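**Q** Residues per chain, in single letters:
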Amino acid sequence: MEDFRDAHERHWEDAEYLYQDKRLGNADHLYGLSAECALKAILARTKFSGAQAPREYRIHIDKLWDRFRSLAGDRDLSRYASMLPENNAFSDWQVAQRYCNRTSFTRQAVENHRWGAERVRNVLRVAEVDGLFQ
Amino acid sequence: MTEFVHFDNVWQRCREVVRESAESLINAGCTELVFIRDLWGRVRVAVPLDFRDDWREPLRALATRLNERLGAHAYPPDAAVLELTGHDLRQLREGAVSSPENGITVVLVDRVITGSRWSLPPEGRAPNRFSFFAIKGGVGRSTAVAVLASHLVRKGQRVLAMDLDLESPGLSSLLLPPGEHPDFGIVDWFVEDAVDQGDRVISEMTAAPSWCGSLKGDLLVAPARGRLREGYEEYLEKLGRVYLDLPPVPNKRAQEPWLIRLRRLIEALERQLRPDVVLIDSRNGLHDLAAAAVMAVGARVCLFALENAPTWEAYTILFRHWARYGIAEKIRENLTIVASMIPEVGRDRYLASFREHAWDLFRDFLYDEEPPGEDRFNFDLNDEDAPHWPLEIYWHRGVPDAQTVAELPGQTEQEAFRPFLEAFDELISEQS
Chain A
1 MEDFRDAHER
11 HWEDAEYLYQ
21 DKRLGNADHL
31 YGLSAECALK
41 AILARTKFSG
51 AQAPREYRIH
61 IDKLWDRFRS
71 LAGDRDLSRY
81 ASMLPENNAF
91 SDWQVAQRYC
101 NRTSFTRQAV
111 ENHRWGAERV
121 RNVLRVAEVD
131 GLFQ
Chain B
1001 MTEFVHFDNV
1011 WQRCREVVRE
1021 SAESLINAGC
1031 TELVFIRDLW
1041 GRVRVAVPLD
1051 FRDDWREPLR
1061 ALATRLNERL
1071 GAHAYPPDAA
1081 VLELTGHDLR
1091 QLREGAVSSP
1101 ENGITVVLVD
1111 RVITGSRWSL
1121 PPEGRAPNRF
1131 SFFAIKGGVG
1141 RSTAVAVLAS
1151 HLVRKGQRVL
1161 AMDLDLESPG
1171 LSSLLLPPGE
1181 HPDFGIVDWF
1191 VEDAVDQGDR
1201 VISEMTAAPS
1211 WCGSLKGDLL
1221 VAPARGRLRE
1231 GYEEYLEKLG
1241 RVYLDLPPVP
1251 NKRAQEPWLI
1261 RLRRLIEALE
1271 RQLRPDVVLI
1281 DSRNGLHDLA
1291 AAAVMAVGAR
1301 VCLFALENAP
1311 TWEAYTILFR
1321 HWARYGIAEK
1331 IRENLTIVAS
1341 MIPEVGRDRY
1351 LASFREHAWD
1361 LFRDFLYDEE
1371 PPGEDRFNFD
1381 LNDEDAPHWP
1391 LEIYWHRGVP
1401 DAQTVAELPG
1411 QTEQEAFRPF
1421 LEAFDELISE
1431 QS
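Keeping their order, the protein sequence lines are chains A and B.
Numbered by our numbering, the letters in the first sequence go through residues 1 to 134 in order.
Numbered by our numbering, the letters in the second sequence go through residues 1001 to 1432 in order.
The set of hints was computed from the structure by calculation and includes no laboratory data.
Here the structure is a predicted model, which means the values were calculated and not measured.
We put the beta carbon where it would ideally sit given N, CA and C, even for glycine.
The reader is advised that the hints may include incorrect statements.
As the list claims (entries may be wrong) - Here are the simulated lysine to any residue pairs, SDA-like style, with alpha carbons at most 20 Å apart:
| id | chain 1 | residue 1 | chain 2 | residue 2 |
| --- | --- | --- | --- | --- |
| 1 | A | Lys47 | B | Phe1051 |
| 2 | B | Lys1252 | A | Lys63 |
| 3 | A | Lys47 | B | Ile1260 |
| 4 | B | Lys1136 | B | Thr1114 |
| 5 | B | Lys1136 | B | Trp1395 |
| 6 | A | Lys63 | B | Asp1053 |
| 7 | A | Lys63 | B | Thr1114 |
| 8 | A | Lys63 | B | Glu1083 |
| 9 | A | Lys63 | B | Phe1051 |
Stated by the list, open to error - What follows is a set of in silico ranges between Cβ atoms, one per label pair, in the way DEER data are often shown:
| id | chain 1 | residue 1 | chain 2 | residue 2 | range |
| --- | --- | --- | --- | --- | --- |
| 10 | B | Leu1236 | A | Cys100 | 48 to 56 Å |
| 11 | B | Val1249 | A | Val95 | 25 to 33 Å |
| 12 | A | Asn101 | B | Gly1240 | 50 to 58 Å |
| 13 | B | Pro1400 | A | Arg55 | 56 to 64 Å |
| 14 | B | Glu1023 | A | Val126 | 43 to 51 Å |
| 15 | A | Arg55 | B | Asp1383 | 47 to 55 Å |
| 16 | B | Gln1197 | A | Met1 | 22 to 30 Å |
| 17 | A | Thr46 | B | Pro1371 | 45 to 53 Å |
| 18 | B | Ile1260 | A | Glu86 | 53 to 61 Å |
| 19 | A | Arg55 | B | Thr1114 | 28 to 36 Å |
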C-alpha cells in the first residue's frame, strides 16, 4: 500500500541524517526520492483514482518535476505548480546513480538536490494546510 | 536588445519551426508533435516516454531552434523536451488545436488556470434547461429571466430558477420578496457537498415566492445564498470554495471537477422538484461560472446583447475562440441571441443594425461557409428562424423601478417583454 506522505517524510529524515554525517551518496539518493514522494502525495490526492500510482506517474523526480509544472492547469494543481521553481533542481539526478561509486557525488550537487527537496517539501506543507490530506 | 517575442507569436513560430524541421523528424519516424504552452506561457514539446533513439538528434535540433525563435517563451534546449506516457498524450489532445505542417501533425496544448471549459464542446442538451448569458453586464439579463419565470408560472409551468451569478447575485432578490429566501443557497450546497453532506441542504435551498401562490404554475427559486440571519453571513468564505474539484477516492470515484459537481446539483434539484423548465441565470463575461452555464449544463443559451461596438467586439473574442477550437458545429444550435434594452426611439434602425452585427458574428465564425441551402447551417440576414435573429426586449422606464418582479405592472411587462415572452413560448413548445 502506497503512503507517499510518510515515504516523503522518512526519506527526507534519513537524507538529512546522512547529509549531516557527510554520507553524501545515499543522502543524494534519498533527497531525490523524498521530493518524488512529496509530489506524488499531492498527485495521489488529486489525480489517482486507484490505490496505486497509474503508469503515467511511475517516473522519478528528474522527469516528474517538469511534468508537474508543465501539465498543471485549471485550479487544482496550478496553486502547487506555481510554488515549484522553474529550473528542475533534479535535472542531473538519476535513480540509477545508486549504483555509482561514492566519490562521484559532489557536495555542490547534493546541496542543490537538498535545496530542491526542501522546495518540494514546502509545497507539500502548503497542501497539508489547505486540507488536501484528510 | 534581443527580439521581443510575445505570447501571440508563439504558436505560429512553433509551426514554422516544425515546417523547417519536418524532413529530419519524418525520416526518424516522428509524425506528430505535441506542444505544451504551460501556465507561464513557456513551451515544451512532449514526446512518448519510450521514444525511438533515432528521434533524439532531430528533437535536439528542434529544441535548439525553438530556443532561438521563442525568446522568453522558450525553455533551454536541454529542458524543452518532456517525456510523457501515451495516456498523458491522449488526454492532452482533448481540447487542443491540431494542424498538419509539412507531414507532421502539430498539436498545440494550452494549460490555463481558468477558462478551459470555453475550449471544449458543450455538454449534450437537456431539453428543459435554459441559460441566460451576457458578455457584458448591465443589459437587463436577470430582470428578463425573472419576468420570464413569472410568465411561465402564470401559464401553468413548474419552473426552477437558479441564480448562478454567484459573484453578483441578483435573480433571487428579483423573485423573492424580503424575508422569503430559503435557509440555504447554491454556495451552501457546494461547501456542504465538499464534506459529503450536500443532501442535508438540498431540500432547504429553494423557496416558492408568496406572490406566486394564486398562479396556475409553480416557481421554485434556488438563490446564490440563503436568508441573511444571525450566524449566517460567511458568503465570501463559501464562494471561494465553489471551484473546488473533489479529490478522487481510491477504487471508488475519480476526481470530480466542480463543473461536474454543478451538474450533479442541477440533476439533484430536478429529481427532487420535477420542474418543467429550468432557468439558469449566468454570471456575465468570460468567467468560469459563465463557461459553466454556457458550456457545461446542457442548456439552450440565450446570449444577451446591446447594439454597440464593445458588445460585438467581446462576442467576437468568444465566437472566434469557438471556431478556432473546432466547436462551432457543436455549439451553434444551442444559441439564441437576445436584443435587450432596445431604445424607445429609432427602434427599427437600431434593430436593423443589431441584426447586421449579429449576422456578421454568426456568419464569420459559426455558420457553414457554403451558402444557405438544404443541410447547410447557414442563414440569410433576414431569416427569422436563424440563431442570429434576435428575441426582442424593449427598454421601458417602468422596469428599473420594480424591486421584485411581482411589483412590475402588467402593462409595463407587456410593453417591454411581450415579443421575448412569445418567442420563448415557441421555443419551449419546440423543446417539448
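**Q** Evaluate each hint against the coordinates.
**A** Do the hints match the structure? See the list:
Taken as a hint, the lysine 47/A and phenylalanine 1051/B pair is broken in the structure, with Cα atoms around 25 Å apart against an allowance of 20 Å. A threshold of 20 Å between alpha carbons decides the hint, and for lysine 1252/B with lysine 63/A the separation of about 29 Å lies outside it, so the pair is violated. A distance of roughly 15 Å separates the Cα atoms of lysine 47/A and isoleucine 1260/B; the hinted pair therefore holds under the 20 Å criterion. With a C-alpha separation of about 18 Å, the suggested pair lysine 1136/B and threonine 1114/B falls inside the 20 Å cut-off, and the hint holds.
Of the supplied pair hints, the one linking lysine 1136/B and tryptophan 1395/B holds, its CA atoms being roughly 17 Å apart against a limit of 20 Å. Of the supplied pair hints, the one linking lysine 63/A and aspartate 1053/B holds, its CA atoms being roughly 18 Å apart against a limit of 20 Å. Restraint check for lysine 63/A and threonine 1114/B: the C-alpha separation of about 26 Å exceeds 20 Å, so the hint is violated. Pair hint lysine 63/A plus glutamate 1083/B holds up; C-alpha atoms about 8 Å apart against a cutoff of 20 Å.
Proposed proximity of lysine 63/A and phenylalanine 1051/B is supported: the alpha carbons are some 15 Å apart, at most 20 Å. For leucine 1236/B and cysteine 100/A, the hinted distance range of 48 to 56 Å is satisfied, since their beta carbons lie about 54 Å from each other. Taking 25 to 33 Å as the suggested C-beta distance range, the pair valine 1249/B and valine 95/A conforms, at roughly 30 Å. Between asparagine 101/A and glycine 1240/B the CB atoms are about 53 Å apart, so this pair conforms to the stated range of 50 to 58 Å.
The hinted window of 56 to 64 Å between proline 1400/B and arginine 55/A holds, with their beta carbons roughly 60 Å apart. Checked against the hint of 43 to 51 Å, the pair glutamate 1023/B and valine 126/A passes, with Cβ atoms roughly 47 Å apart. Taken as a hint, the range 47 to 55 Å holds for the pair arginine 55/A and aspartate 1383/B, whose Cβ atoms sit roughly 53 Å apart. As the Cβ distance of glutamine 1197/B to methionine 1/A is approximately 28 Å, the hint placing it in 22 to 30 Å holds.
Taking 45 to 53 Å as the suggested C-beta distance range, the pair threonine 46/A and proline 1371/B conforms, at roughly 49 Å. Separated by about 32 Å at the C-beta atoms, isoleucine 1260/B and glutamate 86/A break the suggested range of 53 to 61 Å. At about 30 Å, the beta-carbon gap between arginine 55/A and threonine 1114/B stays in the expected band of 28 to 36 Å.
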